[in-house]
Amino acid sequence: MKKLIVIVVIGTFSFLTLSSEETNAFESTYEPSSSGDILIENARILTGTGSEILSGSILISSNKIRAIGETLDKPINAKIIDANGKWVTPGIIDIHSHMGVYPAPGLRSSSDGNESTSPVTAHVWAEHSVWTQDPQMPLALMGGITTFHVLPGSANLIGGRGVTLKNIWSRTVQGMKFPGAPYTLKMACGENPKRVYGRRNSEPSTRMGNVAGYRKAWIRAQDYRNKLAEYESKSEEAKELEYAPTRDLELETLVGVLNGEILIQNHCYRGEEMAVMLDIAKEFNYKVTTFHHAIEAYKVADILAENGVCAAVWADWWGFKHEAFDMVWENAAIVDQANGSTGCAIIHSDSAVGIQRLNQEAAKAMAAGNRSGLNIPPSRAIQWITLNPAKALGIASKTGSLEVGKMADLVIWDGDPFSVYTKTEKVFVDGVLLYDNNNPLTPKSTDFELGIINSEGDRL
Amino acid sequence: MNLHKKIFIGLLSLLISSFSLSEELLLKNAKVHTATDRGTLEKTDILIRDGVIVRIGKNIASSRADERDVSGKVITPGLIAPLTQLGIVEIELVPETRDDRSDIYSAGLSIDSAFNPSSTLIPYNLTGGITLSLTSPSSSGLFSGLTSVFSLSGSLEESLISSNIALSANISGGEDSMAAKVQLLGDSLALSDSVGLNKCLEMDLNKSFLPNGVNYSCRDLFALKKVVDKEIPLVVRANRASVILTLIDFAKTNNINLIINGAEEGWRVSRQLAEAEIPVILQPIDNIPNSFNELGSRLDNASLLHKAGVKILIGSHETHNAYLSRQGAGIAVSYGLPWKEALKGLTKNIAEVFKIDNRGSIQPGYVADIVVWSGDPLEVTSFVEQVYLSGESVSTKNRSMRLKERYISQ
Chain X
382 MKKLIVIVVI GTFSFLTLSS EETNAFESTY EPSSSGDILI ENARILTGTG SEILSGSILI
442 SSNKIRAIGE TLDKPINAKI IDANGKWVTP GIIDIHSHMG VYPAPGLRSS SDGNESTSPV
502 TAHVWAEHSV WTQDPQMPLA LMGGITTFHV LPGSANLIGG RGVTLKNIWS RTVQGMKFPG
562 APYTLKMACG ENPKRVYGRR NSEPSTRMGN VAGYRKAWIR AQDYRNKLAE YESKSEEAKE
622 LEYAPTRDLE LETLVGVLNG EILIQNHCYR GEEMAVMLDI AKEFNYKVTT FHHAIEAYKV
682 ADILAENGVC AAVWADWWGF KHEAFDMVWE NAAIVDQANG STGCAIIHSD SAVGIQRLNQ
742 EAAKAMAAGN RSGLNIPPSR AIQWITLNPA KALGIASKTG SLEVGKMADL VIWDGDPFSV
802 YTKTEKVFVD GVLLYDNNNP LTPKSTDFEL GIINSEGDRL
Chain Z
23 MNLHKKIFIG LLSLLISSFS LSEELLLKNA KVHTATDRGT LEKTDILIRD GVIVRIGKNI
83 ASSRADERDV SGKVITPGLI APLTQLGIVE IELVPETRDD RSDIYSAGLS IDSAFNPSST
143 LIPYNLTGGI TLSLTSPSSS GLFSGLTSVF SLSGSLEESL ISSNIALSAN ISGGEDSMAA
203 KVQLLGDSLA LSDSVGLNKC LEMDLNKSFL PNGVNYSCRD LFALKKVVDK EIPLVVRANR
263 ASVILTLIDF AKTNNINLII NGAEEGWRVS RQLAEAEIPV ILQPIDNIPN SFNELGSRLD
323 NASLLHKAGV KILIGSHETH NAYLSRQGAG IAVSYGLPWK EALKGLTKNI AEVFKIDNRG
383 SIQPGYVADI VVWSGDPLEV TSFVEQVYLS GESVSTKNRS MRLKERYISQ
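Here the protein sequences line up with chains X and Z, keeping their order.
Residue 400 in the numbering used here sits at position 19 of the first sequence; the count goes up by one each step and never skips.
Residue 325 in the numbering used here sits at position 303 of the second sequence; the count goes up by one each step and never skips.
None of these hints come from the bench; they were simulated from the model.
Please read these numbers as outputs of a predicted model, since none were measured by experiment.
The beta carbon of each residue, even a glycine, is placed where N, CA and C say it ideally should be.
Treat the hints with care, since some could be wrong.
[What the hints assert, rightly or not] Which chain X residues face chain Z? A few, computed with CB under 7 Å, are given here: (1) Lys-615; (2) Trp-699; (3) Lys-702.
[What the hints assert, rightly or not] Calculated lysine to aspartate or glutamate pairs in the EDC-like style (CA-CA distance at most 20 Å, straight line): (4) Lys-455/X x Asp-418/X; (5) Lys-825/X x Glu-837/X; (6) Lys-804/X x Asp-209/Z; (7) Lys-702/X x Asp-121/Z; (8) Lys-804/X x Asp-322/Z; (9) Lys-95/Z x Glu-64/Z; (10) Lys-702/X x Glu-118/Z; (11) Lys-702/X x Asp-209/Z; (12) Lys-248/Z x Asp-209/Z; (13) Lys-702/X x Glu-64/Z.
[Stated by the list, open to error] Just a sample of chain Z residues kept apart from chain X, beta carbon distances all over 10 Å, derived: (14) Ser-84; (15) Val-92; (16) Thr-142; (17) Asn-186; (18) Gln-294; (19) Gly-352; (20) Pro-360; (21) Ile-378; (22) Ser-422.
I would like the entire structure built from these sequences, with the hints used as guidance.
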């Protein structure tokens, strides 16, 4: 009996020691329907691994990429798609989206992206705000988006957990969650936190106040981790005599970062602030995965490359804030080419308009780089919206490139994806055709769109 | 200075002044998109004299022209940005850099005196292909104020092309019913019509006619009177189909020239817009159903409106990247708008609708505001190589490029 009690006690409290077990709550329930066998032939393929196949085939089977090459044998029961004159790329991944947490229509009642009531809100999770029936999601699917990462907003120094979602219709957010994707944590530098809290005459009201705020939070996280470790190091008998430390949602998330299980996604515009954030990461021994909105990444591209940090940038947005004043069109290309082409550049949207054509945004950034003498072929630029965001989200072993064994997330384009005139023709998520340009019943409308203008039809 | 030197300088200045009396530029062998009914002309020359286009054709020769070979390049008229805050906003979130809003004046706000030709946004958008901006205030009240046309030359003295050419109004947003705003729009126009200059200065306007809390200065009323007299058009931001119909009716009843800005559900009332000959300013890149007033927003709106015969003007929804109107135009093309109509939407149609004389297309007698592109101007990978304003080659450098040059070689 005693033994049973011990098991129950351990069973109840063991999540304190292993933060991976905490994630048992809200687990992904996503399971793709069966894809069957599909052979795409005669396509011009940008693989996402850095190479291009001028005319090749891809075999999809059981939701995975089974083969890719110049010529493949036709399996007996495979559905054949002739992609002559068309291009195939991996499914596009947007590492910075607020779909679901800032849905359309943009109403206060569903504006759920910023818990701007305290500068450190590591305890909130973006997925708990996601409205799965946001009509922006099928629009993004038509733009080739197969995976997107939803973040809390940037009002706070530490804004809460982000979540990686498959771009599929689902009644529940659990049904959209990318299986096995690590959690992320949103942090924000610069103007936003100091504006939001400074206006209320509370800390932080300056950039130095911001930095003090991050460090204070990490110190509390270290203390909490030590307290957990101390409890865990005790004998079973000693544990029975005292309560385990009380769960703390905020510090659990921060400890997850210190343990390397939760990836930092850091909104940060200015070069010097990125360098400061990297030093904070060294001080507390965690890793920054990506700087988002990194307008000045080109100023510190070598430092980012040395530290293995990605920069997620826009092609040309600027001027909406002072810290967005120093934009250059070559930003992504300079980041990419840093330290002997070892940089990690990502093009992100932060916009329901931009997410529909990350291919065009990458095209602009690629063209700007090439115009300035940096040699960025399409096979490399496509990685800015596929493999690189997959790496930065910790899902590159599963998606982000067209490689055997990976999820069959891919797009057939009706032409060169780096052209304004090109549209997606077919979008597959896990080998399932969710958007087909020739089928007006796709993509599946969200609930919101049913009977909304025309009571007998869908929104459009 | 000796005599010889004086004579030499005298002759030189005579030579220079006689040359500048009749200065010629000849652009050779370009693909020329005229934005006129002549369409696109391959391997064509453009002769410019004293800043004005004089001839377009093959194998033009001129002994005194400064000749530039632009083979393999593409030429368009300079793009015109409809309704931006170019020159009156530097950084959106920094109020002290903004001159685009006023609580003091409403309809009567003319922003000419605040326009800053040295704003960093001006060379930046010039290098994006924009040569003229219809700069407008953006106050959020019923009336935002008056639009003026500026060249993006950066000239401290000669940027203003045409002053107070349109009045902007908003009837969406805020707490008050849209119906109340349409009524107030009508009452305001009626009041301006009944009040002459002298009477305005004498009377206590705000007790006589308008609801409580609505105040106009004489300057506001004079701006409204220009709309009533059809001297300038009224530009109203509206997206919902039923609201567009209301405004079409309003324009008829009040006998004014109307331009609809936004018109995201315009495709649902395209026939009525065409019949009433009301042009629309579109931001074709935006298909998000952002509010219950634009649930029908869609990417083929421009194409459907054009098919119905509506005149289309194409803009960008952000001032800093006003030049991205060309990407929006390209997207409209990919959803069915004919390419040449998209180009007209960025140039000729804007000049026509806002009565900016002799600009917006490449034809004899027109001002030589010309952009030389590396390729298709609507394509996202193309870029601007040269810009001519009134026939003068201007710098295509901007602050962003200077920053790039500092860091790219590190």
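Results of checking the hints against the structure:
| no. | hint | verdict |
| --- | --- | --- |
| 1 | Lys-615 | violated, 52 Å |
| 2 | Trp-699 | holds, 6 Å |
| 3 | Lys-702 | holds, 5 Å |
| 4 | Lys-455/X x Asp-418/X | holds, 10 Å |
| 5 | Lys-825/X x Glu-837/X | holds, 16 Å |
| 6 | Lys-804/X x Asp-209/Z | violated, 48 Å |
| 7 | Lys-702/X x Asp-121/Z | holds, 16 Å |
| 8 | Lys-804/X x Asp-322/Z | holds, 13 Å |
| 9 | Lys-95/Z x Glu-64/Z | holds, 10 Å |
| 10 | Lys-702/X x Glu-118/Z | holds, 12 Å |
| 11 | Lys-702/X x Asp-209/Z | violated, 39 Å |
| 12 | Lys-248/Z x Asp-209/Z | holds, 15 Å |
| 13 | Lys-702/X x Glu-64/Z | violated, 43 Å |
| 14 | Ser-84 | holds, 32 Å |
| 15 | Val-92 | holds, 17 Å |
| 16 | Thr-142 | violated, 8 Å |
| 17 | Asn-186 | holds, 26 Å |
| 18 | Gln-294 | holds, 17 Å |
| 19 | Gly-352 | violated, 3 Å |
| 20 | Pro-360 | holds, 13 Å |
| 21 | Ile-378 | holds, 26 Å |
| 22 | Ser-422 | violated, 5 Å |
Of the hints listed earlier, those the structure fails to meet are numbers 1, 6, 11, 13, 16, 19 and 22, in rising order.
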